[in-house]
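Chemist: Chains as they are written, first to last, in this note's numbering: chain B, 90 to 442; chain L, 90 to 442; chain A, 90 to 442; chain D, 90 to 442.
FYI, nobody ran anything at the bench for these hints, they're computed from the structure. Heads up, some of the hints might be wrong.
Which copy? The list can't say, so a pair holds if one copy fits it or any two copies do.
[To be verified] Pairs of lysine-lysine, DSBU-like flavour, derived with a Cα cap of 30 angstroms:
1) Lys390 - Lys312
2) Lys390 - Lys211
3) Lys313 - Lys211
4) Lys111 - Lys135
5) Lys394 - Lys211
6) Lys197 - Lys111
7) Lys394 - Lys111
8) Lys211 - Lys197
9) Lys211 - Lys312
10) Lys135 - Lys313
11) Lys197 - Lys312
12) Lys211 - Lys135
13) Lys135 - Lys394
14) Lys312 - Lys135
Remember, it's a predicted structure, so these values are computed and weren't measured experimentally.
Protein chains: 4
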Amino acid sequence: MIRFENDYGEGAHPAVLNALIKSNTEQTPGYGVDAYCDRARATIRKLCEREDIDVHFLVGGTQTNTIAICAALRPHQGVIAATTGHIAVHESGAIEATGHKVLTLPSKDGKITADQVAALVKAHREDVTCEHTVQPAMVYISQPTENGTVYTLSELDALWHRCQALGLFLYVDGARLGYALTAPAADMSLPALSARCDAFYIGGTKMGALFGEALVIANSEMKKDFRYILKQHGGMLAKGRLLGVQFDALLCDGLYFEIGARANAQAQRLRAALEALGIPLRYDSPTNQQFPILPDTVLQKLSEKYAFSFWERIDDSHAAVRFCISWATEDANIDALIEDLRRWMSPTAQEPF
Amino acid sequence: MIRFENDYGEGAHPAVLNALIKSNTEQTPGYGVDAYCDRARATIRKLCEREDIDVHFLVGGTQTNTIAICAALRPHQGVIAATTGHIAVHESGAIEATGHKVLTLPSKDGKITADQVAALVKAHREDVTCEHTVQPAMVYISQPTENGTVYTLSELDALWHRCQALGLFLYVDGARLGYALTAPAADMSLPALSARCDAFYIGGTKMGALFGEALVIANSEMKKDFRYILKQHGGMLAKGRLLGVQFDALLCDGLYFEIGARANAQAQRLRAALEALGIPLRYDSPTNQQFPILPDTVLQKLSEKYAFSFWERIDDSHAAVRFCISWATEDANIDALIEDLRRWMSPTAQEPF
Amino acid sequence: MIRFENDYGEGAHPAVLNALIKSNTEQTPGYGVDAYCDRARATIRKLCEREDIDVHFLVGGTQTNTIAICAALRPHQGVIAATTGHIAVHESGAIEATGHKVLTLPSKDGKITADQVAALVKAHREDVTCEHTVQPAMVYISQPTENGTVYTLSELDALWHRCQALGLFLYVDGARLGYALTAPAADMSLPALSARCDAFYIGGTKMGALFGEALVIANSEMKKDFRYILKQHGGMLAKGRLLGVQFDALLCDGLYFEIGARANAQAQRLRAALEALGIPLRYDSPTNQQFPILPDTVLQKLSEKYAFSFWERIDDSHAAVRFCISWATEDANIDALIEDLRRWMSPTAQEPF
Amino acid sequence: MIRFENDYGEGAHPAVLNALIKSNTEQTPGYGVDAYCDRARATIRKLCEREDIDVHFLVGGTQTNTIAICAALRPHQGVIAATTGHIAVHESGAIEATGHKVLTLPSKDGKITADQVAALVKAHREDVTCEHTVQPAMVYISQPTENGTVYTLSELDALWHRCQALGLFLYVDGARLGYALTAPAADMSLPALSARCDAFYIGGTKMGALFGEALVIANSEMKKDFRYILKQHGGMLAKGRLLGVQFDALLCDGLYFEIGARANAQAQRLRAALEALGIPLRYDSPTNQQFPILPDTVLQKLSEKYAFSFWERIDDSHAAVRFCISWATEDANIDALIEDLRRWMSPTAQEPF
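For reference, chain B alone in the conformation it holds in the complex (with noise of 0.2 angstroms):
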């Protein structure tokens, strides 16, 4: 079986293994206070070009999102997401179990707008009897996004000046980062990024690492006690040094934006490949996942070879599908996939659709 389900399916990029592997028998205090975990913040720090961030490793993304949103809200206090946010379908309502509602806006591919939001919140201010519902506090959204599609940097500017105006913060759930940041057509960098969000976070667990993620703070406010949330919601971890060590890794030589490229990369390759074969694309992703829209019978027979998501079924006989790219997927794969589709589609492709 030839894995393309999610982009976490083997271990570590051997450089973070060895790393590891290095630093195993030293001793250092536990729970991220050491030299690597400070090492690796002074990096992420001079990458983002920002000196006043503060930055902690956690060990997922459901963990970070939940932690880092629960950190900022009062009780009454709701986030905004795309209805296919990660945090609204995905983490089984991680941030209900925090007290918080999360508001929903409508999204075609993943992305919402800052005229979106503005809409929400204003309609909310205007109510005489705001108080009878939740109040939006937060903005959290995906980079890229769930269905691999990226917001530009104008795109983000303007939802950072809404959500400034309209006193939200805003948080950006970066779980595939890297691909974002080295999408062919993205023009945001870590520091443009930086500069216009409240948090956001490095995910490693997608992009190389064993596991972790770190996790950027700029507002002071969400800075505040930060260790102590942390730790209540199972997020401090023991050896808290094999996280430094790893995002030391990923992020001293460039080791985490190579990542990124290869993938994305690669999934431009499968991506033109599919569109020669006339196979249409359920989102416009220029990252690591490609969502096809394949007819059930060839489903069924790549399905013998191949793992890879479901997604969404779009009518009686087709299905959209996400197929994965990630730091390890060998490049025999691809092609061994794309054989597969030119051959099992050649008749079904024609099938109208």
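Start from chain B and add chains L, A and D according to the hints.
Modeler: For chains L, A and D alone, coordinates are given in the frame of chain B:
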């Protein structure tokens, strides 16, 4: 600096690390449904001599306690623990953050008794307005306790029968379980433990894993839908197989017990030296943590060369501190510590205390 | 100012108030275990023709919904409701504050169907990673809905059988239950309702009580330890007998149904007048709330003399508003409103809409 | 049965009831934004001699404590209270249900001291791993305490200054505030109290109202968005004006203080009689609750004629019980109780205790 401050100051035992290295590039499904996790589950079932247990792998102890407890309790229920219990004092209110009160019982050495539990429950149930107070529904104990002490099989037996009679869950925090199971005085095996509680965990983080805890659930009510709650509380690791790989390495050939026995032996060697020097011990610990009561003057000198944990002020000039032995502790470091204590205690050990 | 903005703008129906006056100086035990509450409970059991129901008296609707729902759900479970459901939009995130997500279904008139529920549950259960999403465990409906519409017995029947088949709780918010039970078109009685849900409440606040809701629990799982959760969420009134006294007054001689029938009749008289004037109605409501769509020019004039609720903007020059009839509404006030509408609508009613 | 078991066994003081009757058919807006509530707020501001306080009206005490506390705290923060504090023992874990730990301090008579608070906070802040424990952020006291004792102005002053110095909120539960303010020994006025805490409430339920508590918030941080949290936790009464009407009746002409003074006088008459009979008192209470320690034989006889509350077992043959005086207690009932005690104690009072 020689570190005795905790038992998670180094990385993983070489055998565990090698298993991670060896499996690194394999592709597996995420979230703990891979073959490695299944194999580790099978091993645990075999070691526990129970086929009917569920096994879930989590990353850390606070996370494991929180999720196990909140999965079992209804909103009005609380969990009984010693005042020194980890959930009562060192998890930043994690249990309360899920809505539940920790009902504390006094304890001299970290252990609580069946009679204490029964008295608390009786007082609650006899109160005609019992619904104005939190309903006790679970007992939490740590084996070994946070003070290094160990429940005997008969003590556990008494707790278990009382919990069964009273309709309470019994949950055992096994963050350092291997040290308890291999302590010289210990009379409790994994099968014996498995037969006498509703759930417990086999701690990995403090027993040679990079990270990880294996939660064993025997009670069918607690098993239901557990993976939802795991996910909701950020406890479901994306690359879940990392946990399976590690527990497989620890448990398939008895390494876990070797690590426990070795650390206990080192700790008892230290203890014998402490006693020979007339240094009082705060707790009678047969496991890898030792709690000497030392003069402040000696502690001052020690702190320049060794890292250890402050535990409790005893009087104006003495404090109890904790020395932890881990899988990686070198004999030479124990020797050095004993030697230094011998030198520094010689005049001061005679001080009245 | 003549107030039609809600049905809780006055105090209590005289008969209810007199019962409170008459019992005022009596001494009774607190917290709802007095003879008045017991008598009201007995009356409710008789009216529902079920001896096995539990009855609890609470002060308000948000409180009742929150407590009933959080008492039934486990942490990972959510409650299904119409997007317009009171718990989904007008309770300030009260359900989320207890940790649970409200899973919304679209609705045109406030009602949801058995098929919608079944489809949502099916999609959840067929998802191989279902534990990453909130588990639907309860259906919440309002009878009548927030839009004044009423579930027929066969619609309720369909929901109930589907919930039973799927293992979901069915909970009915009866804040205005009396209006639904006495609507001309209504074919549902208290016994019929009691036999087709796990819990519901008989609303008092909007039906002539000073305050109070009588929660009826038929499901034995939901009954368990309910008073604890009542107390924990601030829902146990110290002078609990005040609730028993009021529900006894409302229910012992049919006053509750008289209040409902009278208000419905007044509302239908208003509705007939609106329709005669060619004023479109946003919802087809047979109960005490009417939702005309009026030109902004007319609304402007109305607002100087009448209090009513803004409901929804329809287009640039029209909005839907809500007029509520209560137990205390005087016929003369309805007459005045109709007369004014007749006058102010004459030229504008012809405007294209 | 003559009831002394609590001070909420009857309905409302006649003057309060009359105010409700008089305003019953008026139409007002809901949710506490009516003229009655505004007038009561103005009266409270005048009585407190502070124009800058916010006043919210709630239905009950547990509700008021829960909402006030959870509105002020961040997720990792806890509230300090006496082990006997109402929030610590008699609210079914309501505070924990909002995610916060109650940090208890030992107390002999229900009161805690500024030094106790300072010591707890110091220990927390000096702990290098303080983020592993709950952060103390608020002090909760009851005036009078649950044991009838009263803080003097200088004790409150000390607490207030310490809280201010340490950056803690000070919150005062005034469920029976009127009894404290009018106790013979009391040296505290409403203005004095208002100037020495962040928030407190003027209890109505136990002081002659049908129900209701007036929460006074002086701290501007706690004021922010309070109505959202009120609504979210089911604390916003639909017919909110009922609370305004009642507090206006209680406070506009001093009735509240008359009720307090009268009950205190009756209680002190009872106390004098108890002391004359040589009956020990568990607490030195100058307010409306008295806690005699009586032989079980006498308690047995008493319980056939009087309702009172069991408080605490003292030894094998004695228990402390509570007698409560309310606004409605008749002198004749006190006379009867004293007479019976005199009769039943005559032989037994000599028993060694």
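Chemist: Decide, hint by hint, whether the structure agrees.
Modeler: Each hint, compared with the structure:
1. Lys390 - Lys312: Intra 51 angstroms, inter 36 angstroms, cutoff 30 angstroms: neither.
2. Lys390 - Lys211: Classified as between; 25 angstroms across copies, 50 angstroms inside a copy.
3. Lys313 - Lys211: both (29 angstroms within a copy, 19 angstroms between copies)
4. Lys111 - Lys135: within (24 angstroms within a copy, 34 angstroms between copies)
5. Lys394 - Lys211: For Lys394 and Lys211, the Cα distance is within 30 angstroms only across copies (28 angstroms; inside one copy 51 angstroms).
6. Lys197 - Lys111: neither (46 angstroms within a copy, 43 angstroms between copies)
7. Lys394 - Lys111: between (37 angstroms within a copy, 24 angstroms between copies)
8. Lys211 - Lys197: Result: close both inside a copy and across copies, 22 angstroms intra and 24 angstroms inter.
9. Lys211 - Lys312: Answer is both; intra-copy 28 angstroms and inter-copy 22 angstroms each pass.
10. Lys135 - Lys313: within (22 angstroms within a copy, 37 angstroms between copies)
11. Lys197 - Lys312: Neither, since 33 angstroms and 38 angstroms both go past 30 angstroms.
12. Lys211 - Lys135: neither (38 angstroms within a copy, 36 angstroms between copies)
13. Lys135 - Lys394: The answer is neither: 44 angstroms in one copy and 34 angstroms across copies each exceed 30 angstroms.
14. Lys312 - Lys135: within (19 angstroms within a copy, 40 angstroms between copies)
Checked against the numbered hints given earlier, this structure breaks hints 1, 6, 11, 12 and 13; the rest are met.
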